[in-house]
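Enquirer: Heads up: the protein sequence lines correspond to chains A and B, in order. The opening position of the first sequence corresponds to residue 1 in the working numbering, with each subsequent residue numbered one higher. The opening position of the second sequence corresponds to residue 1 in the working numbering, with each subsequent residue numbered one higher.
Take the hints with a grain of salt, since some may be wrong.
Treat identical chains as interchangeable: a pair holds within one or across any two.
The calculated lysine to aspartate or glutamate pairs, modelled on EDC-like cross-linking and capped at a C-alpha distance of 16 Å, are [unchecked claim]: (1) Lys193 <-> Glu593; (2) Lys390 <-> Asp321; (3) Lys578 <-> Glu467; (4) Lys122 <-> Glu541; (5) Lys301 <-> Glu531; (6) Lys122 <-> Glu516.
In short, the hints are calculated from the structure, not lab data. Bear in mind the structure is a predicted one, so any value in this text is a computation, not a measurement.
Protein chains: 2
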Amino acid sequence: RLSSGWVPRAPDVNSFVARTNTCGELRAAHVGQEVTLCGWIQYQRQGLFLVLRDFQGLTQIIIPQDEAHSHVRKLLSNAPVESVVRVTGIVSSRPPGQENLKMPTGDIEVKAETAEVLNFCKKLPFEIKDFIKKSEALRMQYRYLDLRSSQLQYNLRLRSQVVMRMREYLCNHHGFVDVETPTLFKRTPGGAKEFLVPSREVGKFYSLPQSPQQFKQLLMIGGLDRYFQVARCYRDEGSRPDRQPEFTQIDIEMSFVDQAGIQRLIEGLLQYSWPAERGPITTPFPSMTYEEALADYGTDKPDTRFGMKIVDISDILRRLDVGFVQNVLSYPRGTAKAICIPQGVRYLKNKDLESLKEAAKSQFNQEIMDVICRPDGSLKSLLTKFLGEKQQSEFIRALNMQVDDVVLLAAGDHKRVCSALGSLRLECADLLEAAGMVLRDPAALHFLWVVDFPLFLPKEENPSELESAHHPFTAPHPLDTDLLYSDPTKVRSQHYDLVLNGNEIGGGSIRIHNAEQQRFVLEKVLKEDSEVLSHLLEALEFGAPPHGGIALGLDRLISLIVGSPSIRDVIAFPKSFKGRDLMGNAPDYVTPEELEPYHIHVSWPAAETEAKKN
Amino acid sequence: RLSSGWVPRAPDVNSFVARTNTCGELRAAHVGQEVTLCGWIQYQRQGLFLVLRDFQGLTQIIIPQDEAHSHVRKLLSNAPVESVVRVTGIVSSRPPGQENLKMPTGDIEVKAETAEVLNFCKKLPFEIKDFIKKSEALRMQYRYLDLRSSQLQYNLRLRSQVVMRMREYLCNHHGFVDVETPTLFKRTPGGAKEFLVPSREVGKFYSLPQSPQQFKQLLMIGGLDRYFQVARCYRDEGSRPDRQPEFTQIDIEMSFVDQAGIQRLIEGLLQYSWPAERGPITTPFPSMTYEEALADYGTDKPDTRFGMKIVDISDILRRLDVGFVQNVLSYPRGTAKAICIPQGVRYLKNKDLESLKEAAKSQFNQEIMDVICRPDGSLKSLLTKFLGEKQQSEFIRALNMQVDDVVLLAAGDHKRVCSALGSLRLECADLLEAAGMVLRDPAALHFLWVVDFPLFLPKEENPSELESAHHPFTAPHPLDTDLLYSDPTKVRSQHYDLVLNGNEIGGGSIRIHNAEQQRFVLEKVLKEDSEVLSHLLEALEFGAPPHGGIALGLDRLISLIVGSPSIRDVIAFPKSFKGRDLMGNAPDYVTPEELEPYHIHVSWPAAETEAKKN
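Input sequences plus hints: build the corresponding full structure.
Expert: Here it is in structure tokens:
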């Protein structure tokens, strides 16, 4: 049935339009040809020549000076920068010595014969070449001008190509079915971050889902076998840096699959779609348990591009005669851990160290002690006087300390100590790099699977109750199924996260396919009202196959590929961190008449009602 | 840069999972192999054999009867229909004479060696094979069961493949960039059908756009050159048959293109992506002006698979001495037209004729007169006595009447007469076919471009004011630009519709790229407040290239390809015609607390407030 056809080496970008070539295409081999180019005036000099730009590049156009072409000269000399023109002319070699080696079209120029100004550009509110330095708000307001930059053109085109390659891999190579699922649905339990959409039925609302989770499971129950979707998802988190109210995920679900199957699929997918200029990728990706990640890196998304791993020094300190330390270590999850900052004495200022300690205190309520390795190899620290010579060398050996290294040490609850040190580890890395140390290779690609997450976590506001670590459909680890009924806090899950260079770029799980087990998790463990999920519970009773899946965060993935710090640089029309579209001014006020069909009205605070009246 | 790789002939649907083969794959060539299949029990007979089903087909499994396999026999005999099982066994030839020629796997059977019931199926609320005959509401409620039907599996898989082929054509062959545009935006002028999404800013709402129209134009202004998107669109029309609140369009925009360029692109796109079993398609598609379509077919989306065209008989009737006719024809757009229903006397009942006339009266306020051709070739009609012999034969010749044909005749305003006859033409075709006449070839594909639409139409509620026939960004026909400023009612547009077998499957236009012209249309012709579009007007001033595009309605297109009467059959989780999801029960009530962050509350009608209290 499938007869995927011939795929050309390079797409024909000149089909169906007036131009014969793009502005990035012409080379010495084209000399003598008559060509028609369409583009924007990038630069024009004294009526002699101009540089024409389109999405593919720049071409130098020679403005004719003879009387017969005075009309062309006038047109091209008078059109302002960023005006749109069509030029027809003959490709010529540049005079010897005037070739521009930096320009792919630098061997040639086009001698204009005829020209038309397709649209004039009004004076711009700023110089376009300095645009990038302008405030982000201004770039957002004039997003269509920002989109003309080579960086954004590259980002959006690369995004399109990567997604296309992913589709080829999934559809054409592995038989996945691209299924569109609804975005107008209803609240999921705990879906506090879901946007609401008023319906015409009084008091009833749709909700914009955070992911197609329920639908993709129902597709498996419906026998679709292999589903994927480049899915638009919605999350209303108010203002948060580098989050978007709508975002895109590569959403995948398979029947009759296990964790390893999904992992191999994703490794193959990324290997196939990874841009050649950022590759190659080595597979399989390494794997680490959640407990290892927490113990060694203090986070579930370790940046493994550099060391500075967390070291457990409990055994060394346990022997110290320090009441505080003994006390801490006597608790069930009490621990003492440390990280070693190479050359910290030289690269970190005193105030850096102070602010690191303050951060640990304010963010994690964790005291930090520093230990410095003096030039003579001795340790300087409040702790030193309690350490015997043997313990000092054990300490130095355990942390592999060198002269001028700084160790940050923390004692207390395992989770808190690890999280604090994990956070300090990343902050120190940034500080070291800012001070000139070469720590992380910018070209390095450290993919990592993090597995064996806990299935449930104590609720922050009430630790005696449990909540899902990810979502209530996650299956327990096959070895821990019995624990589900005896000690759910100890159950590991079949959830897996994919991490790239310390960023979570995807996550998924094998799902519960047994109705009884799902009901037990919802009702007995999570104490949730399962009524809102009755359709899914019922579906599980009618022959649900074992299934599992994953979702990759496309925006973050592409921003990592192009090396952009913000996902806003890989989205054509992003919202500001306050969720506003600064170009079109959304969201916006609507009239009471427009609200009427939806049977809602706005609860204006008294002050604003007053202001509106005036 | 683009290095689109090797595309396999057929996808590997068994990668990454436990099975070795699908249930549709095994043939005589596999005999002797050990295979593992996963699927649903379609049918089981007396513990002797069962039929296993997955998305690709059916395979017969022989249940072992010997003592050594008693466990397997017990498992497979006791699992209810629609349970999910995994079976491992040896492929064997069926005994001679027991081959099933109707089944692709009918030459073989699998002798089960081991088996596992992966999930039991509870008793179904109905017999699954009769499911299709159940009410649509029941099918919607248990959509995941409906999805297991071979028809829905086919529809969704074909949809995925067609879209994939379209992407290959656009991305890989013609360099289009797949750009995702926001769905949280703001109201467009006249966007009364846009869903609202409350934001956390008091009184401010996002809106879910009906199409990415503004964004795709802004992308062209941003130099993207060639954009496409399989775009989710939203339209809140309340209850309408065969419309969905969310739907999908293939959205395309190009710079430096003209109408013919877009038309050739779409013809190539459809030709490339059309499924082989429904092809081939002949290009270029024929083209017809809006005026021709209205005059000949009474509609802007003519079904050209059959004749019965509207014939102008004004000249014949003008010479009659009938006051009423003379009066009608004396009006500026007065006309008399008719359609000839072949064999109408034999295929249409008297009550059919009566209800056709009533429909014309009630829907179009148009009187219809019938004329019958008697077996002796004479005409029977109220009109006959006014027609001389010469006029009778002129009449017969003009309409190409045969014995037993029925002519429906209407006189009055051109638009009204044509619309009424166009509607009757379609109703008659349905009646003739229902009565057994072969009129339209179900395999026929009549693509048609309809062009030269009027740019503006008189508003229905106030004919002295104008509104856009399509949308305010449509460019005027190049020959009519001057008329825009003198007599806008006469201006033709550069809008084009694509029609397939009488269904509009796409529409687009060349857009206005000149800021002044756009401002004139918005402010002077349409008298709209251009403030809400200030960002677009401003963008047009900063070097907007000439551009145009089109959108294809994907749901309708796929439903025509698979021959389904409703778009609900090509959507995985459609809403009911009242906009409800009957499976998950959306939309639904939310708590006042959930509304609080959005500063809205529900205006309950008094009665419902009362009911809620009790």
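Enquirer: Is it within, between, both, or neither for Lys301 and Glu531, if the alpha carbons may be no more than 16 Å apart?
Expert: neither (35 Å within a copy, 47 Å between copies)
Enquirer: Is it within, between, both or neither when you check Lys578 against Glu467 at 16 Å Cα-Cα?
Expert: So Lys578 and Glu467 fail the 16 Å test inside a copy (29 Å) and across (36 Å) alike.
Enquirer: Within a copy, between copies, both or neither: which one fits Lys122 and Glu516 at a CA-CA cutoff of 16 Å?
Expert: between (67 Å within a copy, 12 Å between copies)
Enquirer: Is it within, between, both or neither when you check Lys193 against Glu593 at 16 Å Cα-Cα?
Expert: between (28 Å within a copy, 13 Å between copies)
Enquirer: Between Lys390 and Asp321, at a C-alpha cutoff of 16 Å, which is it: within one copy, between copies, both, or neither?
Expert: This pair counts as within: shortest intra-copy Cα distance 15 Å, inter-copy 127 Å.
Enquirer: Quick one: Lys122 to Glu541, C-alpha cut-off 16 Å, is that within a copy, between copies, both, or neither?
Expert: between (65 Å within a copy, 6 Å between copies)
Hint compliance for this structure: hints 3, 5 are broken, all remaining hints hold.
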